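*Asks:* Hey, can you work out the whole structure from these sequences and the hints?
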Amino acid sequence: MSAAQFSKREIERVLEVAKQMEPFARKEKTSDLLKGKVLATLFFEPSTRTRFSFETAMLRLGGKVISNYMMMETSSVKKRETLQDTGRVVSAFVDVIAMRHPVAGSVAELAQGATVPVLNAGDGPADHPTQGLLDLFTIHKEFGHFGGLTYGLVGDLKNSRVVHAQCELLKHFGPTGFKPAFICVAPRGLELPAMIKKELKEMGCSIRETDNLEKVIGELDVLSNTRIQEERFATKKEFEKFRGAYSISQKLMKKAKKKMVLIDPLPRVDGQLKTEVDSDPRAKYFEQVTNGVAVRMALMALVLGTHEA
Amino acid sequence: MSAAQFSKREIERVLEVAKQMEPFARKEKTSDLLKGKVLATLFFEPSTRTRFSFETAMLRLGGKVISNYMMMETSSVKKRETLQDTGRVVSAFVDVIAMRHPVAGSVAELAQGATVPVLNAGDGPADHPTQGLLDLFTIHKEFGHFGGLTYGLVGDLKNSRVVHAQCELLKHFGPTGFKPAFICVAPRGLELPAMIKKELKEMGCSIRETDNLEKVIGELDVLSNTRIQEERFATKKEFEKFRGAYSISQKLMKKAKKKMVLIDPLPRVDGQLKTEVDSDPRAKYFEQVTNGVAVRMALMALVLGTHEA
Amino acid sequence: MSAAQFSKREIERVLEVAKQMEPFARKEKTSDLLKGKVLATLFFEPSTRTRFSFETAMLRLGGKVISNYMMMETSSVKKRETLQDTGRVVSAFVDVIAMRHPVAGSVAELAQGATVPVLNAGDGPADHPTQGLLDLFTIHKEFGHFGGLTYGLVGDLKNSRVVHAQCELLKHFGPTGFKPAFICVAPRGLELPAMIKKELKEMGCSIRETDNLEKVIGELDVLSNTRIQEERFATKKEFEKFRGAYSISQKLMKKAKKKMVLIDPLPRVDGQLKTEVDSDPRAKYFEQVTNGVAVRMALMALVLGTHEA
Chain A
87 MSAAQFSKRE IERVLEVAKQ MEPFARKEKT SDLLKGKVLA TLFFEPSTRT RFSFETAMLR
147 LGGKVISNYM MMETSSVKKR ETLQDTGRVV SAFVDVIAMR HPVAGSVAEL AQGATVPVLN
207 AGDGPADHPT QGLLDLFTIH KEFGHFGGLT YGLVGDLKNS RVVHAQCELL KHFGPTGFKP
267 AFICVAPRGL ELPAMIKKEL KEMGCSIRET DNLEKVIGEL DVLSNTRIQE ERFATKKEFE
327 KFRGAYSISQ KLMKKAKKKM VLIDPLPRVD GQLKTEVDSD PRAKYFEQVT NGVAVRMALM
387 ALVLGTHEA
Chain B
87 MSAAQFSKRE IERVLEVAKQ MEPFARKEKT SDLLKGKVLA TLFFEPSTRT RFSFETAMLR
147 LGGKVISNYM MMETSSVKKR ETLQDTGRVV SAFVDVIAMR HPVAGSVAEL AQGATVPVLN
207 AGDGPADHPT QGLLDLFTIH KEFGHFGGLT YGLVGDLKNS RVVHAQCELL KHFGPTGFKP
267 AFICVAPRGL ELPAMIKKEL KEMGCSIRET DNLEKVIGEL DVLSNTRIQE ERFATKKEFE
327 KFRGAYSISQ KLMKKAKKKM VLIDPLPRVD GQLKTEVDSD PRAKYFEQVT NGVAVRMALM
387 ALVLGTHEA
Chain C
87 MSAAQFSKRE IERVLEVAKQ MEPFARKEKT SDLLKGKVLA TLFFEPSTRT RFSFETAMLR
147 LGGKVISNYM MMETSSVKKR ETLQDTGRVV SAFVDVIAMR HPVAGSVAEL AQGATVPVLN
207 AGDGPADHPT QGLLDLFTIH KEFGHFGGLT YGLVGDLKNS RVVHAQCELL KHFGPTGFKP
267 AFICVAPRGL ELPAMIKKEL KEMGCSIRET DNLEKVIGEL DVLSNTRIQE ERFATKKEFE
327 KFRGAYSISQ KLMKKAKKKM VLIDPLPRVD GQLKTEVDSD PRAKYFEQVT NGVAVRMALM
387 ALVLGTHEA
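First to last, the protein sequences are chains A, B and C.
Each residue of the first sequence is one higher than the one before, counting from 87 in the numbering used here.
Each residue of the second sequence is one higher than the one before, counting from 87 in the numbering used here.
Each residue of the third sequence is one higher than the one before, counting from 87 in the numbering used here.
Misleading hints may appear alongside valid ones.
Remember, identical chains collapse to one label, so a pair may be satisfied in a single copy or spanning two.
Taking lysine to aspartate or glutamate pairs in the EDC-like style, the calculated list, with each CA pair at most 16 Å apart, reads [what the hints assert, rightly or not]: (1) K360 <-> D171; (2) K343 <-> E167; (3) K360 <-> E167.
In case anyone wonders, no lab produced these hints; they're calculated from the structure.
These numbers were taken from a predicted model, which means no experiment stands behind them.
*Replies:* Okay, structure coming up:
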């Protein structure tokens, strides 16, 4: 449902199972683990990438999919059925639901009516837990742990649900002796919300804030980049103030650590993340796509009980 | 194609096979009965519920699905190919077609060109035979028979294709000694069409008409509720005259028989069917969703010849 | 990618494998040849027929499908991700991509980023190689060879990508002793582009041009009909000049050879191809639909390495 709901133990369990799922996600092996199971993807907002990831995960584990990815324009919604009713009805058809919605809290609303597990594929600016988990999986594959690392969060830290999900998950890995440090890099006005900073601190993480990426990039073990999205601003003018605030280029990457991990949820649209960086071995954003399939395989296997939670 | 086309024997056969399909529809068992078969869902009007029901039925019997649920906006239609041509072409791809269309007669038109079986998933205000069959299945599961029951049809009896389909099917169960009685409850102006009343009478069913549900609910074995749909009226003002004419509440249910069956095609949007009634054991509308999958499994198995008709 | 890219040997290999695929395309046998493989259909322009053909081909060979057939209106595109990025991301999910796009060159652009095979399902007025291949397959099934035949290309030869694809493929079958002859039948202004004529001549094919179909139909072994499409013209008025220029009727067919093959890519929308001709054994346009599935099965089997190229 939400990144905040995961305990440390649960996160570790997801990453453990995701690791086992990798050969299937990487198309190296086929699996019939979820044979006979059906997933419904209910997308009230388009997101081909996230939908394909869930559907691929189910299909490559031997399951099947029914899908509505244009739900806004379709009947039950036009007739304004409650999301609870939709949840209850769709539960009669399938074994698990993946849902995306532009309004925060919508997934929880549908889950209230549902009698099968519901996975949050992003709801509004609030949350995007599976993206957060795949980010952690990508980091964990590189370092084997989370503690003691320095995380650079770069971009629109105010509005990015991806960053918020990362924080909600990473905060658990604070108190293990090695306290992770966050360096928040955002233009003035797009800083990380105070509530999330408070939570991180309470869990023993240290936080530094700056608007200058160049000065701090050399300290980072992880650079989590998120673009500044036009749709999060009320007016185009408001957006233009921040456009181009950061640019991840080859030149900048030269100042980074040799083992740094560069993650980004994609898509990229505005040149903040240069294509010249794609071939840099530290750039993991395309590998993240495959990691996302592995994580969603793990989540479905866990909620469907084929693996103990 | 149409509810009117079913003989009594055929209805009984569908219900018999649907009964065998229940364990698969209820996700208790998996089946490979339709392995190798492909269903096309062609929806010229959105209906997630009905489409998901057909697709789930095919997938859970081991078959596969190709789908176009936004046909109005898509190519062959833009180019105004005839439905006969569409039927013939799609027949080359699949083994069975489920089609929904806003215009009455469209499904028959496509079926004319088709060389594979075509199932009517609703065409215009005219017909919705699979919904009618699943309603009968729900009733039959409860009582084991149809004769001698008193049916209360409640709501917009003039425009509801669901009610019309129910009548077309139930009329056959009149002459078996126990004549079913219909009590038609509709606001003035939304009464059951004269032609359907005539048919029911000719088959030996008795009919009573009233606009007062409270007075008659105590006599009913089946309460078939259908909402008064805004889209069936020319103007919003016209609709407002009838809005809220009936309300199925806990208070009202207290006056009903203990073994009454309350069915409704869903979605509910206007409070005619109160959520407080959901937990009443007589409320069968969510169970109907699963029954719908079983009935569509039965229909596909029958038309594809894996069960004798 | 493009019809122009095929060598004679490659075309022959596709037709050979398509021949082996026929029992599966005709639903006479089932196959698990592509079990474990996943196809993505990415349609930036609606074409139910072509999409269904690819999806059916994959499903009937035991594979699975993920699909986005409304890509124009969906997220990654709204955010203007490059097609290269889309290609790279979707490659992480699937084993093969079939793509359609209204703009020429788009498929090549996506393929640049892709790390899995990409099949062109039509891009703009430029190309539609799988349609061309299925046309050749239809002809080959009838005559067993291409050399020595007289091809009549009829309709909008200027804008039809189908005709252009046919020419690019058929030109290879010129120099084998029996030189194929092309009779181009188009209204003035819609003639075959000079470049294509030049290519055909260079490959040893002879070309004749006329605007009178009736006069030449008796000479043809193959009549490749393509409708004059309104959407190819800037104004409705421009289109009206050409509308109804040709009409394939029973009367006209009486003047044709007894063994002539009449092909057409469908859909038909304007009466150029009369329904009265459908029952003529020389009319192969509905059989072409099944041939299209066989050809796409062959292409997927070849690019996925289950058959040697």
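*Asks:* All hints are to be evaluated individually against the structure, with a verdict given for each.
*Replies:* Verification of the supplied hints:
no., hint, result
1, K360 <-> D171, "between (45 Å within a copy, 12 Å between copies)"
2, K343 <-> E167, "neither (53 Å within a copy, 28 Å between copies)"
3, K360 <-> E167, "between (44 Å within a copy, 12 Å between copies)"
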